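Trainee: Protein sequence lines, in the order shown, are assigned to chains A and B. Using UniProt numbering, read the first sequence as starting at 1 and increasing by one per residue. Using UniProt numbering, read the second sequence as starting at 1 and increasing by one per residue.
These aren't lab readings, by the way, just hints derived from the structure by calculation. Wrong hints could be hidden among the right ones.
It does not matter which identical chain is used: a pair holds within one copy or between any two.
[To be verified] Derived pair list, reagent style SDA-like, types lysine to any residue, alpha-carbon separation capped at 20 angstroms:
| no. | residue 1 | residue 2 |
| --- | --- | --- |
| 1 | 7 | 83 |
| 2 | 391 | 239 |
| 3 | 293 | 281 |
| 4 | 115 | 192 |
| 5 | 12 | 197 |
| 6 | 293 | 411 |
| 7 | 280 | 23 |
| 8 | 115 | 309 |
| 9 | 43 | 305 |
| 10 | 283 | 419 |
| 11 | 35 | 192 |
| 12 | 57 | 288 |
| 13 | 35 | 171 |
| 14 | 423 | 243 |
| 15 | 91 | 110 |
| 16 | 391 | 328 |
Since the model is a prediction, treat every value here as computed from it, not as a measurement.
There are 2 protein chains.
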Amino acid sequence: MRILPAKEFAIKREVEYGTVEQNQAVKNIIQTVMKDKDVALIKYTEQFDGVRCSDLKVTAQELDDAHEQVDAEFLTALRKASYNIRNFHEKQKRNSWMDLQEDGSLLGQVVRPLKRVGIYVPGGTAAYPSSVLMNAIPAQVAGVSEIVMVTPPSTNGQEGINPYILAAAKELGIHEVYRVGGAQSIAALAYGTESIRPVDKICGPGNIYVALAKREVYGVVDIDSIAGPTDITIMADEAADAGYVAADLLSQAEHDEMSSAILVTDSENLALQVQNEVEKQLKVLPRKDIASKSISQNSAILTVDHIKEGIEVVNQLAPEHLEVMIEEPMSILGQIENAGAIFLGRYSAEPVGDYFAGPNHILPTNGTARFSSPLNVDDFIKKSSVIYYSKDAILQNGEYIMELARQEGFEGHARSIQIRLEKEGRHDG
Amino acid sequence: MRILPAKEFAIKREVEYGTVEQNQAVKNIIQTVMKDKDVALIKYTEQFDGVRCSDLKVTAQELDDAHEQVDAEFLTALRKASYNIRNFHEKQKRNSWMDLQEDGSLLGQVVRPLKRVGIYVPGGTAAYPSSVLMNAIPAQVAGVSEIVMVTPPSTNGQEGINPYILAAAKELGIHEVYRVGGAQSIAALAYGTESIRPVDKICGPGNIYVALAKREVYGVVDIDSIAGPTDITIMADEAADAGYVAADLLSQAEHDEMSSAILVTDSENLALQVQNEVEKQLKVLPRKDIASKSISQNSAILTVDHIKEGIEVVNQLAPEHLEVMIEEPMSILGQIENAGAIFLGRYSAEPVGDYFAGPNHILPTNGTARFSSPLNVDDFIKKSSVIYYSKDAILQNGEYIMELARQEGFEGHARSIQIRLEKEGRHDG
Numbered sequence: 001m002r003i004l005p006a007k008e009f010a011i012k013r014e015v016e017y018g019t020v021e022q023n024q025a026v027k028n029i030i031q032t033v034m035k036d037k038d039v040a041l042i043k044y045t046e047q048f049d050g051v052r053c054s055d056l057k058v059t060a061q062e063l064d065d066a067h068e069q070v071d072a073e074f075l076t077a078l079r080k081a082s083y084n085i086r087n088f089h090e091k092q093k094r095n096s097w098m099d100l101q102e103d104g105s106l107l108g109q110v111v112r113p114l115k116r117v118g119i120y121v122p123g124g125t126a127a128y129p130s131s132v133l134m135n136a137i138p139a140q141v142a143g144v145s146e147i148v149m150v151t152p153p154s155t156n157g158q159e160g161i162n163p164y165i166l167a168a169a170k171e172l173g174i175h176e177v178y179r180v181g182g183a184q185s186i187a188a189l190a191y192g193t194e195s196i197r198p199v200d201k202i203c204g205p206g207n208i209y210v211a212l213a214k215r216e217v218y219g220v221v222d223i224d225s226i227a228g229p230t231d232i233t234i235m236a237d238e239a240a241d242a243g244y245v246a247a248d249l250l251s252q253a254e255h256d257e258m259s260s261a262i263l264v265t266d267s268e269n270l271a272l273q274v275q276n277e278v279e280k281q282l283k284v285l286p287r288k289d290i291a292s293k294s295i296s297q298n299s300a301i302l303t304v305d306h307i308k309e310g311i312e313v314v315n316q317l318a319p320e321h322l323e324v325m326i327e328e329p330m331s332i333l334g335q336i337e338n339a340g341a342i343f344l345g346r347y348s349a350e351p352v353g354d355y356f357a358g359p360n361h362i363l364p365t366n367g368t369a370r371f372s373s374p375l376n377v378d379d380f381i382k383k384s385s386v387i388y389y390s391k392d393a394i395l396q397n398g399e400y401i402m403e404l405a406r407q408e409g410f411e412g413h414a415r416s417i418q419i420r421l422e423k424e425g426r427h428d429g
Numbered sequence: 001m002r003i004l005p006a007k008e009f010a011i012k013r014e015v016e017y018g019t020v021e022q023n024q025a026v027k028n029i030i031q032t033v034m035k036d037k038d039v040a041l042i043k044y045t046e047q048f049d050g051v052r053c054s055d056l057k058v059t060a061q062e063l064d065d066a067h068e069q070v071d072a073e074f075l076t077a078l079r080k081a082s083y084n085i086r087n088f089h090e091k092q093k094r095n096s097w098m099d100l101q102e103d104g105s106l107l108g109q110v111v112r113p114l115k116r117v118g119i120y121v122p123g124g125t126a127a128y129p130s131s132v133l134m135n136a137i138p139a140q141v142a143g144v145s146e147i148v149m150v151t152p153p154s155t156n157g158q159e160g161i162n163p164y165i166l167a168a169a170k171e172l173g174i175h176e177v178y179r180v181g182g183a184q185s186i187a188a189l190a191y192g193t194e195s196i197r198p199v200d201k202i203c204g205p206g207n208i209y210v211a212l213a214k215r216e217v218y219g220v221v222d223i224d225s226i227a228g229p230t231d232i233t234i235m236a237d238e239a240a241d242a243g244y245v246a247a248d249l250l251s252q253a254e255h256d257e258m259s260s261a262i263l264v265t266d267s268e269n270l271a272l273q274v275q276n277e278v279e280k281q282l283k284v285l286p287r288k289d290i291a292s293k294s295i296s297q298n299s300a301i302l303t304v305d306h307i308k309e310g311i312e313v314v315n316q317l318a319p320e321h322l323e324v325m326i327e328e329p330m331s332i333l334g335q336i337e338n339a340g341a342i343f344l345g346r347y348s349a350e351p352v353g354d355y356f357a358g359p360n361h362i363l364p365t366n367g368t369a370r371f372s373s374p375l376n377v378d379d380f381i382k383k384s385s386v387i388y389y390s391k392d393a394i395l396q397n398g399e400y401i402m403e404l405a406r407q408e409g410f411e412g413h414a415r416s417i418q419i420r421l422e423k424e425g426r427h428d429g
């Protein structure tokens with residue numbers, strides 16, 4: 001793992017738009033699903049997943065079977081995690097409010113859950129029950145009444161779905177699950193088919209075709225975000241444990257060759273220790289092929305003169321995950337402007353947040369923590385403004401409203417006020 | 001204005017993606033601005049706006065001059081509106097929170113303003129100072145420290161900008177204004193030039209080129225939304241004033257030929273009266289050419305058997321603006337699922353909300369109230385999760401975290417926990 005001064009490090013940031021061919025393929029798939037609906041879904045599932053499905057919907061029996069099939073330790077851990085995640089997200093809930101004005105008017109904001117949300121869950125080797133929790137629980141806490149899951153069939157030409165995914169769905173009370181993935185499943189969720197009614201929002205990570213399809217249907221439905229490769233930045237000083245730092249860097253590096261793991265430190269000594277530890281731990285890591293590419297190509301140890309400079313570097317990186325392993329980690333929290341999730345202190349390993357503590361693991365990647373937030377309950381609600389204007393209010397303020405409307409050339413707007421002033425004013429007089 | 005039963009009305013909903021040529025033109029403009037920066041901005045401004053700018057930045061003197069030039073009545077009305085808008089949006093602010101766990105851990109959510117936001121303000125005849133307030137005030141309330149405005153030069157080949165726009169900016173304390181519009185200004189805000197530093201988010205309405213450019217840079221920066229044509233739905237019963245209803249329908253119809261104005265009523269009598277009133281009021285409306293096209297092509301009076309059916313129709317329409325002029329309008333508020341802004345009662349004319357009452361006039365169009373909200377303070381903040389895990393917490397829960405990580409095949413994640421359990425556990429023993 002290379003060590004270099006922070007000021008020599010160039011931040012790479014590339015938005016993934018796919019190739020022209022990929023975009024065209026996705027557009028074709030969407031149009032075909034809009035036209036042929038279920039027939040298209042079955043055709044594409046055969047073509048891309050090698051499975052001819054007799055029925056798109058996963059049966060209650062399959063959900064039950066999967067739930068019985070998974071081991072008890074997994075279910076215990078899953079339940080504890082679910083409890084923590086639900087607990088944390090409950091604190092994000094907001095109430096509607098209504099504010100009484102002196103002139104008798106009421107102004108307010110009504111908060112309502114989205115009605116129907118679709119969650120994309122990748123299949124095959126990349127089947128992550130934790131992502132089922134992280135997507136579905138905030139939606140449930142928000143009050144979304146219909147949560148639909150789509151996931152490709154994954155068991156060697158059979159219609160089966162990874163049982164851990166189904167068990168997680170069953171645990172959360174999600175019973176509407178369809179065995180379909182890829183761009184075709186996104187099209188189905190956006191436009192509907194005979195089997196799958198359309199949703200209001202689509203969440204969840206997928207491959208490039210899923211990402212492009214989500215971008216394509218954005219506007220017809222809402223989407224969460226287009227996730228990029230995962231990243232971690234660790235800020236550590238002399239006192240940090242090099243073994244912990246290295247293990248945490250590797251826990252991100254093992255995700256994907258494109259993952260990025262960055263250490264920012266004011267200690268030359270720690271930099272060298274971590275470099276050694278990464279080397280050592282990497283050798284015995286099962287996913288070492290992936291992790292070593294991530295470490296050599298997209299990762300670095302960045303040295304800074306002092307922690308203050310380190311904070312600036314962190315804010316420029318805008319990491320998805322930030323670990324702070326310095327003395328008094330809480331002391332710099334107020335200066336961290338851009339980070340998806342902040343892990344403070346020596347015990348807050350990043351996987352604590354990935355799986356268990358409660359905050360969401362779906363976080364802004366690719367430097368978008370500058371303007372984006374972790375997935376949260378607000379992503380599953382919508383607000384409506386409410387105006388109940390009183391007679392006093394319109395009589396007192398009508399002239400101002402007309403002034404502003406007329407200046408903009410909207411006489412029709414002014415007249416909708418004027419007709420009331422004339423009629424209501426007269427009744428008064 | 002046609003009258004038809006609600007069930008015979010087909011909802012049109014089209015997402016505007018532009019033509020292939022328009023998309024290509026926008027991509028070219030963005031790439032050229034990325035390469036040539038200010039030179040490209042000056043070139044495109046000459047090409048599209050017919051003005052050769054000597055300096056892109058509007059001077060303090062120009063802002064002062066514009067402010068002195070506009071009339072006092074306008075400034076009074078603008079200030080009262082600003083006060084109300086600020087007041088309403090202040091109620092949307094949220095605090096960071098931190099939650100102490102029994103095991104000594106802290107979990108929380110930090111709320112921070114975006115740092116730098118760009119606001120697009122259309123020029124020429126479509127110059128709306130009210131939109132300056134509606135975009136900038138929520139950002140200011142959120143705590144955004146740098147608000148940048150871009151707007152095309154508009155005064156007959158001169159570098160000047162509509163003075164009402166500049167006066168509104170000056171009133172709000174916005175002093176960073178650039179005379180550049182179109183896709184080129186969006187590229188400049190996203191990627192930066194010599195004159196214009198890049199922003200974190202771009203807001204504000206524009207023409208199709210601006211909309212496509214925003215869509216294109218989404219991901220590099222955040223954007224508000226892609227606005228479609230404006231719409232209103234009015235739900236009214238026998239007791240409603242047909243003159244008011246007609247005036248309010250026309251106040252939306254005058255915006256744009258694509259605007260839609262819909263009345264939903266359970267009263268045949270009111271339907272006929274409103275039809276007559278619209279005809280009558282339309283004749284003397286200055287913007288009657290626009291409004292009559294909107295009324296004949298995109299508007300309708302929809303009859304329902306009872307108000308309950310009307311509510312279903314409203315929820316399907318998911319209107320941008322909803323006026324409720326029935327007896328006891330508040331009684332149905334709980335049943336309105338989808339609407340951007342809800343105006344209750346006979347005095348709550350839609351222009352009250354467009355200009356003055358306080359809630360935002362930038363609202364979800366094109367049926368997107370199903371999943372989107374009025375522009376609000378949340379659009380200008382970002383959240384970070386905070387995890388400060390205690391030693392007790394990692395010792396108590398480490399095993400569960402490892403179980404979940406290993407089930408997903410992430411041994412590296414498990415080991416970042418294990419290394420701590422081994423070391424910290426040992427210290428304890």
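Trainee: Would you mind marking each hint as holding or not holding in the structure?
Mentor: Hint check results:
In the homo-oligomer, the alpha carbons of residue 7 and residue 83 never lie at most 20 angstroms apart, since the shortest distance is 43 angstroms inside one protomer and 45 angstroms across protomers. In this homomeric assembly, residue 391 and residue 239 come within 20 angstroms of each other (Cα to Cα) only across copies, at 17 angstroms, whereas the closest approach inside a single copy is 67 angstroms. Taking the shortest Cα distances, residue 293 and residue 281 sit within 20 angstroms of each other inside one copy (14 angstroms), while across copies they are farther apart (71 angstroms). Taking the closest pair of Cα atoms, residue 115 and residue 192 come within 20 angstroms of each other only inside a single copy of the chain (15 angstroms); across copies the shortest separation is 39 angstroms, beyond that limit.
Proximity of residue 12 to residue 197 under the C-alpha cut-off of 20 angstroms is restricted to the inter-copy arrangement: shortest distance 18 angstroms between copies versus 40 angstroms within a copy. In the homo-oligomer, the alpha carbons of residue 293 and residue 411 lie at most 20 angstroms apart only across protomers (17 angstroms), although the nearest pairing inside one protomer, at 65 angstroms, exceeds that limit. Taking the shortest Cα distances, residue 280 and residue 23 never come within 20 angstroms of each other, neither inside one copy (42 angstroms) nor across copies (51 angstroms). Taking the shortest Cα distances, residue 115 and residue 309 sit within 20 angstroms of each other only across copies (19 angstroms), while inside one copy they are farther apart (46 angstroms).
For the homomeric pair residue 43 and residue 305, neither the shortest alpha-carbon distance inside one copy (59 angstroms) nor that between copies (43 angstroms) is at most 20 angstroms. In this homomeric assembly, residue 283 and residue 419 come within 20 angstroms of each other (Cα to Cα) only across copies, at 16 angstroms, whereas the closest approach inside a single copy is 80 angstroms. Proximity of residue 35 to residue 192 under the C-alpha cut-off of 20 angstroms is restricted to the intra-copy arrangement: shortest distance 10 angstroms within a copy versus 42 angstroms between copies. Taking CA atoms no more than 20 angstroms apart as the test, residue 57 paired with residue 288 passes in neither setting, with 38 angstroms inside one copy and 53 angstroms between copies.
Taking the closest pair of Cα atoms, residue 35 and residue 171 never come within 20 angstroms of each other, the shortest separation being 35 angstroms inside a single copy and 53 angstroms across copies. Taking CA atoms no more than 20 angstroms apart as the test, residue 423 paired with residue 243 passes between copies only; the shortest distance there is 10 angstroms, against 79 angstroms inside one copy. For a Cα distance limit of 20 angstroms, the shortest separation of residue 91 from residue 110 qualifies both inside one copy, at 18 angstroms, and across copies, at 13 angstroms. For the homomeric pair residue 391 and residue 328, the shortest alpha-carbon distance between copies (15 angstroms) is at most 20 angstroms, but the shortest distance inside one copy (58 angstroms) is not.
Hints 1, 7, 9, 12 and 13, counting from the list given before, are not met by this structure.
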